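All chains should be built: construct the whole structure from the sequences, respecting the hints.
When the letters of the sequence shown are read in order and numbered with the working numbering, they come out as residues 1 to 98.
In case anyone wonders, no lab produced these hints; they're calculated from the structure. Computed from a prediction, not measured in an experiment: that's the story for all the values here. Treat the hints with care, as some may be off.
Listed next, the in silico DSS-like pairs over lysine-lysine satisfying Cα-Cα at most 30 Å (straight line) [as the list claims (entries may be wrong)]:
(1) K19 x K47
(2) K54 x K93
(3) K47 x K93
(4) K19 x K93
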Amino acid sequence: MLVFPEGTRTSGCDIQPFKGGFALIAKRARAPVQTVFIEINQPFLCKGRSIFRKPDFPLVFRARLGERFSPPADVRPYISRLEQYCRSEVMEKAAGES
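Next comes the structure, spelled out in structure tokens:
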């Protein structure tokens, strides 16, 4: 199952606070959470841009596997830990592109 923990699309590197549903699902299913970072060469799917607007081609997508997190015992610290990890990964990637 693919879940976007922010509950919406983002604009740029601005990660919004994570919603708790993904952690609750992982806890109840006793399933790990595999982080995946989706990168694209233009802001095609970013918030503020119509999904009906034709993008410039070629579109280049890249899915990069991140860390896998064991199922949580306690949901709140789990959400915090994943959010912190994702922020760190996104900021590190952005710094490398500068």
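**Study point:** Restraint check for K19 with K47, where alpha carbons must lie at most 30 Å apart
**Key:** holds, 17 Å
Practice item. Would you check the hint for K19 and K93, treating anything up to 30 Å between C-alpha atoms as holding? Key: Roughly 23 Å between the alpha carbons, so the hint for K19 and K93 holds.
Check your understanding: Within a Cα-Cα threshold of 30 Å, do K54 and K93 meet the stated pairing?
Key -> holds, 26 Å
Check your understanding: Would the pair K47 and K93 pass a check requiring their Cα atoms to be no farther apart than 30 Å?
Key -> This hinted pair holds, its Cα atoms lying about 19 Å apart.
Hint check: no violations occur; every hint is consistent with the structure.
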